[in-house]
Amino acid sequence: MSLKTKVTKLNRIGKTLEKRLSTLGIETVGDLLFYFPFRYEDYSEILNISNLQAGQEVTIKAKIELINSKRSYRSKKIITEALISDDTERLRVVWFGQPFIAKTLHVGDEMFFSGKIKSDMFGLQMTGPSFEKVKKETMHTARIVPIYSLTAGVTQKQIRFLVSQVIHQIDEIEEWLPDDVRDVADVMELKEAIRAIHFPENQDEINHAEKRLKFDELFILQLRAEMLRQSIKVSKAPKIKFGEKSIQDFVLSLPFELTKDQKVASWEIIQDLEKGVPMNRLLEGDVGSGKTVVAAMATLDTVLNNYQVAIMAPTEILAKQHYESFTSLLSGHDIKICLLTRSMRFINKDKEINRDKIEMDGDNKEKDILSLKQLSDKIMNGEVNVIIGTHALLSDKIKFKDLALVIVDEQHRFGVEQRASLIRGQTQTEADSCGNNDVDVGDKVELLYEDLTYRIRKCLFAVRKNLGLGHKEILYQNALEAEFKKEKLVFEKEKTMSVMYDGKKIGVYRPDFVVEDKIIIELKALKFIGKNEKTQVWTYLKGSNYKLALLANFSPSDVEIERIVYDEARENKKSALSQRKSALVPHFLSMTATPIPRSFALTIYGDLDLSIIKQMPKDRKVIKTRFVDDHNRQKAYDFIREQVKQGRQVFVICPLIEQKEKDENEIEIINYNFTGSQEKKSVLVEFEKLSKQIFPDLKVDYLHGKMPAQGGSASGGKRSKDSVMNDFKDGKIDILVSTSVVEVGVNIPNASVMMIEGAENFGLAQLHQFRGRVGRSSYQSYCFLFTTKSSVKSKERLEFFEKTSDGFALAEYDLEVRGPGAVYGVAQSGMMNLKIATMQDKEIIKLARDVARGMDFQKYPSLKKKVGEWEKSVHLE
Numbered sequence: 001m002s003l004k005t006k007v008t009k010l011n012r013i014g015k016t017l018e019k020r021l022s023t024l025g026i027e028t029v030g031d032l033l034f035y036f037p038f039r040y041e042d043y044s045e046i047l048n049i050s051n052l053q054a055g056q057e058v059t060i061k062a063k064i065e066l067i068n069s070k071r072s073y074r075s076k077k078i079i080t081e082a083l084i085s086d087d088t089e090r091l092r093v094v095w096f097g098q099p100f101i102a103k104t105l106h107v108g109d110e111m112f113f114s115g116k117i118k119s120d121m122f123g124l125q126m127t128g129p130s131f132e133k134v135k136k137e138t139m140h141t142a143r144i145v146p147i148y149s150l151t152a153g154v155t156q157k158q159i160r161f162l163v164s165q166v167i168h169q170i171d172e173i174e175e176w177l178p179d180d181v182r183d184v185a186d187v188m189e190l191k192e193a194i195r196a197i198h199f200p201e202n203q204d205e206i207n208h209a210e211k212r213l214k215f216d217e218l219f220i221l222q223l224r225a226e227m228l229r230q231s232i233k234v235s236k237a238p239k240i241k242f243g244e245k246s247i248q249d250f251v252l253s254l255p256f257e258l259t260k261d262q263k264v265a266s267w268e269i270i271q272d273l274e275k276g277v278p279m280n281r282l283l284e285g286d287v288g289s290g291k292t293v294v295a296a297m298a299t300l301d302t303v304l305n306n307y308q309v310a311i312m313a314p315t316e317i318l319a320k321q322h323y324e325s326f327t328s329l330l331s332g333h334d335i336k337i338c339l340l341t342r343s344m345r346f347i348n349k350d351k352e353i354n355r356d357k358i359e360m361d362g363d364n365k366e367k368d369i370l371s372l373k374q375l376s377d378k379i380m381n382g383e384v385n386v387i388i389g390t391h392a393l394l395s396d397k398i399k400f401k402d403l404a405l406v407i408v409d410e411q412h413r414f415g416v417e418q419r420a421s422l423i424r425g426q427t428q429t430e431a432d433s434c435g436n437n438d439v440d441v442g443d444k445v446e447l448l449y450e451d452l453t454y455r456i457r458k459c460l461f462a463v464r465k466n467l468g469l470g471h472k473e474i475l476y477q478n479a480l481e482a483e484f485k486k487e488k489l490v491f492e493k494e495k496t497m498s499v500m501y502d503g504k505k506i507g508v509y510r511p512d513f514v515v516e517d518k519i520i521i522e523l524k525a526l527k528f529i530g531k532n533e534k535t536q537v538w539t540y541l542k543g544s545n546y547k548l549a550l551l552a553n554f555s556p557s558d559v560e561i562e563r564i565v566y567d568e569a570r571e572n573k574k575s576a577l578s579q580r581k582s583a584l585v586p587h588f589l590s591m592t593a594t595p596i597p598r599s600f601a602l603t604i605y606g607d608l609d610l611s612i613i614k615q616m617p618k619d620r621k622v623i624k625t626r627f628v629d630d631h632n633r634q635k636a637y638d639f640i641r642e643q644v645k646q647g648r649q650v651f652v653i654c655p656l657i658e659q660k661e662k663d664e665n666e667i668e669i670i671n672y673n674f675t676g677s678q679e680k681k682s683v684l685v686e687f688e689k690l691s692k693q694i695f696p697d698l699k700v701d702y703l704h705g706k707m708p709a710q711g712g713s714a715s716g717g718k719r720s721k722d723s724v725m726n727d728f729k730d731g732k733i734d735i736l737v738s739t740s741v742v743e744v745g746v747n748i749p750n751a752s753v754m755m756i757e758g759a760e761n762f763g764l765a766q767l768h769q770f771r772g773r774v775g776r777s778s779y780q781s782y783c784f785l786f787t788t789k790s791s792v793k794s795k796e797r798l799e800f801f802e803k804t805s806d807g808f809a810l811a812e813y814d815l816e817v818r819g820p821g822a823v824y825g826v827a828q829s830g831m832m833n834l835k836i837a838t839m840q841d842k843e844i845i846k847l848a849r850d851v852a853r854g855m856d857f858q859k860y861p862s863l864k865k866k867v868g869e870w871e872k873s874v875h876l877e
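Be aware that the sequence shown starts at 1, since it is given in full-length UniProt numbering, and climbs by one per residue.
Hints should not be assumed to be uniformly reliable.
Calculated lysine-lysine pairs in the DSSO-like style (CA-CA distance at most 27 Å, straight line) [unchecked claim]:
#	residue 1	residue 2
1	4	803
2	803	793
3	534	495
4	211	872
5	9	534
6	485	635
7	76	116
8	233	866
9	77	157
Now the in silico label distances, taken between C-beta atoms and shown as ranges [claimed, not checked]:
#	residue 1	residue 2	range
10	89	207	32 to 42 Å
11	510	153	16 to 26 Å
12	486	239	26 to 36 Å
13	626	83	51 to 61 Å
14	263	401	26 to 36 Å
15	83	804	46 to 56 Å
What the hints contain is simulated information worked out from the structure, not anything from laboratory work. Note that beta-carbon positions come from the ideal geometry of N, C-alpha and C, so glycine has one too.
Could you build all of it, start to finish, from the sequences and the hints given here?
As structure tokens, this is what we get:
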């Protein structure tokens, strides 16, 4: 037997149990040993029956005096009752629906019974206990008993029995931590940790075992980040000399005083820029904390040293917002700033471009609108100092003359490899970065089947939004088929494909879908995607003519999408790219308004240094948040009307764009969870109601992600997002009904009310972003939360949000309740592959980071090898 031995070789495993274990990711002896308990029940203390009390979970050593089974009169279930006794007292024991027990246990047997003590009218009794014959080594009783996550048809006893068969194989487990590293981390040997996690002698052993296994998972993530950090630090970066007088003048010219946090963050960045190695820093700031002015200082310092700055945002709305902010903040200097997105290309060269001129008309007559070649030429010859845009900046058509600083907004939308590509000056990347429907992908990037992947992801997210979570796989398959048809994608369902090995057909594989004869789609509805699911899909790719598969798992918390690539030539390409280094690489500054707990940031962005802005500007008032019951809705409307009378403006957020009607020829995928008045609110329906019934005398408009970004002929005559936002900024709209497209980057100082419909559909971090769209001036602002369904958990979350204005406290709470995948969408970071560590393990996260920092990989090549093996096992791109 070895760690690679199939579990089918073990005792008591047939084909049915084999399939059930496979759903848990258990296929080999090694999988079984690394399938960890999630909690324990301490039955190690053996009590006398006379000392028992209701509510205790205990072990009793007793003999069976009587045992029999009978059928319940009401439920018709089999009830097995036993009378047991020790030297002190007798006790009733009851099992429900387990008729075999009466045949297993016999009068006179001396047994250990472990379970919970309850009380009824007849006195104390033990209900549904585990039992074992009295012996020296027990497995289910009279000890600390491990409790594992299960699937239907698998029991705790089965898992423990199987682990007991293979626990001796721990001697085969390789210790991958060098002795001195293990000493510094103060962790036990790996094989001893595996034994103790399954069969601990005491709580102290559990603690030490958990520390070692958690450390291993987090240490690999930190080692990977450290390898990336070191690969960057060996490069050279432009030295940006600190223009102290210019920066002081800039700060004094501001109409507000910088907070202490802003000053500290600015100084950290300026010091990094002066070094000859590339800065790699994450700037975190709560909504409205003033990150932009800090970035503007770094930009000014860089441009005054005759270098270029690139600023990249995930959406056109946010890119344009940055263009306006930086143009305003740097207006006192002769700095040329350009905006480059899929639909907007211009420069502030004449300092007279205003919002009206930015609008592109159908004939493209605006003289400041440049062709892509014109603008790229100006960037390449250095005529433009600051380039602001979307993913269009990644186009291979854009070349910089002297790029010294890259600023990326909303960091959590970009993967590690994409960040590395930006820092190295690479314009071609295969990082999967499209996280939601409103992300603008800009000009075409060399991402394998990028456009098609984007359309497929759009369909998957539509299924998640409309169907919800917690359904069977077949429902998701049918719903996705319906979305593919709407998107007019050409696809084959359950196409039969030959699986080849050594040039011979060894079987067939039927994926859920093959789209456009290019991409395999495999659907799952599991708690999490494990190593085996990914390996299986990768193996199918290897034996086929396809190079890309999307593994989509509709877990209980969210839809998780894994890109799995098989391309022999691609490895050579990546290797060549990783070795390509320019003489100077730009500094990298990432900004996010999504508060990320420090422990989480240190894990997922371990390659970055961290600056945090928590303080808010002095004149900023706390936004008053209220959870509003439906019967108080009219009062909220009356309050909104009063705010508009005072000259203020209002946001109304809805989770859907439009309410879909049931079609006889179409699968019903909308109203599984909501019916009647409980349907999710939609933008178009809410717009009709508010504009015609509630506020017919006010100016109401709507905005959503499917609207074209710009007007003109390219939009087909449809109203554009840009025109609506401009009207709202200019005060031509009183109430704007919108989807989450306004989540980030929209700055309307005059808006004082944020009304969120279906608030339970959004995470706390997202709700906090919505709330941050108001309260951006000296006016008192308000946030109203409405729900379309009520559950204890959602109500608890919203009540916590109502009383908490600190975005970092909200992020900690959301991370604990929903997990990193649901909150930040971090499948590609490796976070989703953690089996035992969590973001609450702050001390171990810090320990792993401290031990990994400055690691000498030449001294410990085995650590570098381990990271490579781990990356392959989880198929990180």
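Hints and how they fare:
For the hint linking residue 4 to residue 803, the alpha-carbon distance of about 52 Å lies beyond 27 Å, and the restraint is violated. Of the pairs offered as hints, the one joining residue 803 and residue 793 holds, with about 16 Å between alpha carbons and a cut-off of 27 Å not exceeded. The suggested pairing of residue 534 with residue 495 holds, with an alpha-carbon distance near 19 Å, which does not exceed 27 Å. This hinted pair checks out: residue 211 and residue 872 have alpha carbons roughly 25 Å apart, not beyond 27 Å.
About 24 Å separates the Cα atoms of residue 9 and residue 534, which keeps this hinted pair within 27 Å; it holds. The suggested pairing of residue 485 with residue 635 is violated, with an alpha-carbon distance near 43 Å, which exceeds 27 Å. For the proposed pair residue 76 and residue 116, the alpha carbon gap of about 24 Å is at most 27 Å, so the pair holds. For the hint pairing residue 233 with residue 866, the CA-to-CA distance comes to about 22 Å; that is within 27 Å, so the pair holds.
Straight-line distance between C-alpha atoms of residue 77 and residue 157 comes to about 23 Å, which keeps the hinted pair within the 27 Å bound. The beta-carbon spacing between residue 89 and residue 207, approximately 35 Å, falls within the hinted interval of 32 to 42 Å. Checking the proposed 16 to 26 Å range against residue 510 and residue 153 shows it holds: the Cβ atoms sit about 24 Å from each other. A hinted range of 26 to 36 Å for the beta carbons of residue 486 and residue 239 is inconsistent with their spacing of about 54 Å.
The beta-carbon spacing between residue 626 and residue 83, approximately 59 Å, falls within the hinted interval of 51 to 61 Å. Checked against the hint of 26 to 36 Å, the pair residue 263 and residue 401 passes, with Cβ atoms roughly 32 Å apart. Restraint check, residue 83 to residue 804: a C-beta distance of roughly 54 Å satisfies the suggested window 46 to 56 Å.
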